[in-house]
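Okay, so the sequence shown: first residue is 1 according to the working numbering, each after it adds one.
Simulated from the structure, these hints should not be mistaken for laboratory data.
It is possible that some hints are incorrect.
Here are the computed lysine to aspartate or glutamate pairs in the EDC-like style, where the Cα-Cα straight-line distance is at most 20 Å [stated by the list, open to error]: (1) Lys273 / Asp310; (2) Lys161 / Asp141; (3) Lys273 / Asp285; (4) Lys229 / Asp349; (5) Lys200 / Glu237; (6) Lys386 / Asp408; (7) Lys273 / Asp239; (8) Lys161 / Glu133; (9) Lys271 / Glu246; (10) Lys335 / Glu355; (11) Lys226 / Glu327; (12) Lys226 / Asp239; (13) Lys335 / Asp310; (14) Lys386 / Glu411; (15) Lys229 / Glu246; (16) Lys229 / Asp324; (17) Lys335 / Glu266; (18) Lys335 / Glu307; (19) Lys201 / Asp141; (20) Lys273 / Glu307; (21) Lys335 / Asp349; (22) Lys161 / Glu174; (23) Lys335 / Glu237; (24) Lys226 / Asp285.
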Amino acid sequence: TQSTWGLHSSMDSGSVSVAVRGPAVALPADFDLASYISPYSGYGKIRRLQFIAARTVGTATSLDALRAAASEVQRSTWNVGLYREIMGQIALQSGAENASDFAWIEATERRSALELSRLQHAHTAARSSLVKEAMRTAHNDLGMHFYNIGNFTEARRNFLKTSQHRTSDSHAFERDMNVVRVDIASGSLSGVAATVAAAKKYAEGASPATAGKLHALAGVGLLASKSFKSAAANFLEVDGEMAPCEEIAPADVALYGGLCALATLERGELKRKVLSNIAFRTLLDQAPAMRDAVTHFLSSHYAECFETLDRLCVLLRLDPFIADSVEVLLTDVRKRGFVQFFSPFVSVDMRRMAEAFHTSVDTLEANLAALIAEGQIHARIDSHLKIIHARHDDARALTFEKAMQTGDAYEQNARGMLLRVNLLRADFVLRSPQAQTQTQSHARKGKAAMEISSSLAGHI
């Protein structure tokens, strides 16, 4: 199955082959792979290293990333299939013989088989005992074992089976968090947001750090589904701290949240929810470049803002969670910048506007034409003089048209009311058979009453 990360994974065998999706990334000269990857661990670290290797094929960084990934597989997992895959890629890129640690492979396979046999016996014993907690623990241990060897399908199935034997909300919370770990490790991010939402129901009274981790993971799932505004809302809810997470670091939350906020929030919201948000500001201080970009945008220093974002996005293109969305988000940020820049003016010289946005006049003109076609800017472009003129509606004509529409509506309502009054006076009303019978009965009773009154008056 093809994962959301651009990795082809076989969830049953644990083998993963990397396929480059998107353009290769030219790394800055001062890029330090060891520092960049240090906040992560486990499958989170391995997948990032594989992704970096796939985006930098043919460079020394690609080989370094693959070697680091192989070392992490040996250190933190028993995933022999993944180790073989990575070592094969190293041999292919370097042109050297396969330097796999065959002793580690043999020992790990033997240890894995013994552990699986032990866990299966424990599961059989638990099932015979009919004790719920024993059954839940057995399925949980099996799930962790399959996760460790890279069989994510079986891992997910066993974690979900713990639902049948849970006895408290904490067990349900543990189940959902384990399913999220499996889904992220396998690259199946489409259901992460829904699973995290389910976990939140069982996390009442959780620490701010745990709540922050839940918001961050939900944001990652929403980011994968291109729901950028909802993703921004979740990232901005992270309350300054986050429980340990092998997939994302606090600085990543600041980068994801800042970029999504720039692309989706209005100016007032951006200031209130990002820069004036004390809790999120703590995270933003761990990503000073993103903090500077937001500050420049709110100060209308667009050239500085986009220069900063362009530098940031080189590294974001190496991030498996946001790489495929970087260009879309940058385009949305630029669109918001164009709209905000132009809104106060009657006309603008596009040459000066291009300087303000650090772009060419032709590129700016194409972007402005697209915004006009989308209805985000009401203007017309003078391509010869390179001036964009605001198109303001004639207030007098609009007022006159509105007055005429109000008059027509009043006249129509008045005619309708008069027609209804005249119909009621003439008793020209359509009634149901039952209502008509009741009306005739009332009429007969009224006529009889009048006759009796007349007769009594004659006797008197």
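Going through the hints against the structure:
no.	hint	result
1	Lys273 / Asp310	23 Å, violated
2	Lys161 / Asp141	12 Å, holds
3	Lys273 / Asp285	15 Å, holds
4	Lys229 / Asp349	32 Å, violated
5	Lys200 / Glu237	13 Å, holds
6	Lys386 / Asp408	44 Å, violated
7	Lys273 / Asp239	12 Å, holds
8	Lys161 / Glu133	12 Å, holds
9	Lys271 / Glu246	30 Å, violated
10	Lys335 / Glu355	16 Å, holds
11	Lys226 / Glu327	12 Å, holds
12	Lys226 / Asp239	23 Å, violated
13	Lys335 / Asp310	15 Å, holds
14	Lys386 / Glu411	49 Å, violated
15	Lys229 / Glu246	25 Å, violated
16	Lys229 / Asp324	16 Å, holds
17	Lys335 / Glu266	12 Å, holds
18	Lys335 / Glu307	15 Å, holds
19	Lys201 / Asp141	24 Å, violated
20	Lys273 / Glu307	23 Å, violated
21	Lys335 / Asp349	17 Å, holds
22	Lys161 / Glu174	12 Å, holds
23	Lys335 / Glu237	25 Å, violated
24	Lys226 / Asp285	26 Å, violated
Violation of the numbered hints given earlier is confined to hints 1, 4, 6, 9, 12, 14, 15, 19, 20, 23, 24; the remaining hints are satisfied by the structure.
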